Amino acid sequence: MDQPAEKKEVQFSEGALAEIRRYMSHYPADRQKSALLPILHIAQAEFGGWISPEAMDKVAEILNIQPIEVYEVATFYTMFNLKPVGKHVLEVCRTGPCMLRGSDQLIQHLENKLGCAVGETSADGNFTLKTVECLASCGTGPMLQVREQYYENLDAASADQLLEDLKASTVKKPWEENY
Amino acid sequence: MGRKLLTEHINVEGIETFDVYRKHGGYASVEKALKTMSPEEVVEEVKTSGLRGRGGAGFPTGMKWSFLAKPEGKPRYLVCNADESEPGTFKDRYLMEKLPHLLVEGMITSSYALGCRTSYIYIRGELMYILRILEKAIAEAYANGFLGENILGSGYSLDLHVHPGGGAYICGEETALLESLEGKRGNPRNKPPFPAVWGLYGSPTVVNNVESIATVPWIITNTAAEYAKIGVGRSTGTKLISAGGNINKPGVYEIELGVPVEEFIYSDEYCGGIWKGRDMKAVIAGGSSVPILPKDLILKTAAGEDRLMTYESLSDGGFATGTMLGSGGFFVMDDQTCIVRHTWTLARFYHHESCGQCSPCREGTGWLEKVLHRIEYGHGHMHDIDLLVSVAKQIEGNTICPLGDAAAWPVAAAVRHFREEFEWHVKHPEQATSPGAVFNKNASVLA
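Going line by line, the protein sequences match chains A and V. If you count by the UniProt record's numbering, then the first sequence holds residues 1 to 179, one letter each, in order. If you count by the UniProt record's numbering, then the second sequence holds residues 1 to 447, one letter each, in order.
BS3-like, lysine-lysine: derived pairs with alpha carbons at most 30 Å apart:
#, chain 1, residue 1, chain 2, residue 2
1, V, K184, V, K136
2, A, K173, A, K113
3, V, K184, A, K8
4, A, K130, V, K184
5, A, K87, A, K8
6, A, K130, V, K370
7, A, K173, A, K83
8, V, K74, V, K32
9, A, K130, A, K113
10, A, K173, V, K98
11, V, K191, A, K33
12, A, K167, A, K87
13, V, K70, A, K33
14, V, K136, V, K4
15, A, K167, A, K113
16, A, K173, V, K136
17, V, K136, A, K33
18, A, K130, V, K98
19, V, K184, A, K173
20, V, K47, V, K229
21, A, K172, V, K136
22, A, K130, A, K83
23, A, K83, V, K370
24, A, K172, V, K184
25, V, K4, V, K32
To be clear, the hints were calculated from the coordinates, so they are not data collected in a lab. Owing to the predicted nature of the structure, the values given are computational and were not obtained by experimental measurement.
Whenever a hint applies, use it, and build me the whole structure from the sequences.
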């Protein structure tokens, strides 16, 4: 039987911790667990687009709650990746309204182009392809989301261009961006 | 051209900034309410306006406000439901992106009316870029004395925060939203007690949709009497409709309630007709959870009159012939749309989004998706069609929250109105090689 791998301690950067403290200030002192979802978003951005058990343990420590309380939340919400992902995660909407505008064809095109199926990562590690349910972009489908950015009214040519642009880009953390 | 109450200034350059918004009359409702009206008067004004909740259910907003319990020594909360996730609906996203200060203004005026010291905007996690826009608007409101301590010297103080969700449609249900805001899984609560008595952190809470709250400033600034003059009957005011699907001009339109459905679909002012010169097959008028209607029924009521974009006209005759205004998520299907495939995508959505708390929903939505999948891919049997109806019936009304109904209605309505299309799929398994193959009623062949 495999022995469980030894857990490695993870640390948030100062920028991430400042963002965590800002969110925690939004809730009453005895209701700090409310900051759990915002902090999980920060953890995902901080640790390469996914949340490891070690990261979840760290979040539990920050909020002074049991690790299980973090696990049960992280596994419920679809935005959190619990396994390693590529440099960019392409989340293609496939629900009814986008289907009417051609999302089936877009997904097939991306699978062919990336050489991987939905749920997998391309061999070069650049892209993880996911499908998601309705991103409130029904008038501008087919579309996909990469981190906090929407790309809408896509066709094969614009999707190809997007892949090239993303390949050449660097991934910044939200608190490093100038909003 | 209809009147625009929410979107009049939406295309003004810089309207997302405090200064430009203020120059165009922004925050007038806060000044008027805090300086000249009591909280009770603001509630009464919203009641008189006839405003109905714009999230989908259409419950009178002022009445909902008046239910709020006011126990001594306990805080009260206003939570804005910005978890817009209903397929077909994208109006709130548009409103928040273009007019963030309108929502902030609405939150301040509404919070004053309800006696809240802290309020939250719960926004779906996928819309993180809009969270940044709202946070910027909130910071500007603080800097200009419209948020924080002693707003405009009135003695009233308010803190406003934006809270991101994590990607779960169920969190649009108000009690699931509150659970999520408390840092838990988004499992809906048993009701009663309703949030007005036991809401966020066990305190009395009002949960309102973005559009409802964004309508409050106009009502307070221009009076409820003026608002109630717009619209038809009990459908007062204007409504944002997000139009999508196979139309020439998808987008968000603010309509005066009462516009004929036919005008909305075919006129250049709104959807501009069906794309690619095709005919219309069906419409889902109020977000994916409301029953689909074929062309003839969406244009005319059971009595043969023109169907109007109002709460009453769209639901006339109940679900057998009517549908619902719902969230205003209006999507149109052309004659090349495979109803079976489309219904399958919606069933897949509801299966994916079921929180799993109630067995009829957890298991039933999975059954619906599986049965629809096998019909679509050529493995269906004739009795599967009745099985769909049977499963839908067993889900409906048997769950804690309305997600079960939302999953059952579209499937039951699709079978009711397009049964021969389902039968055609079962009879032509060879078409399984062409997923989405379209039944052509006239030619009985692939279109």
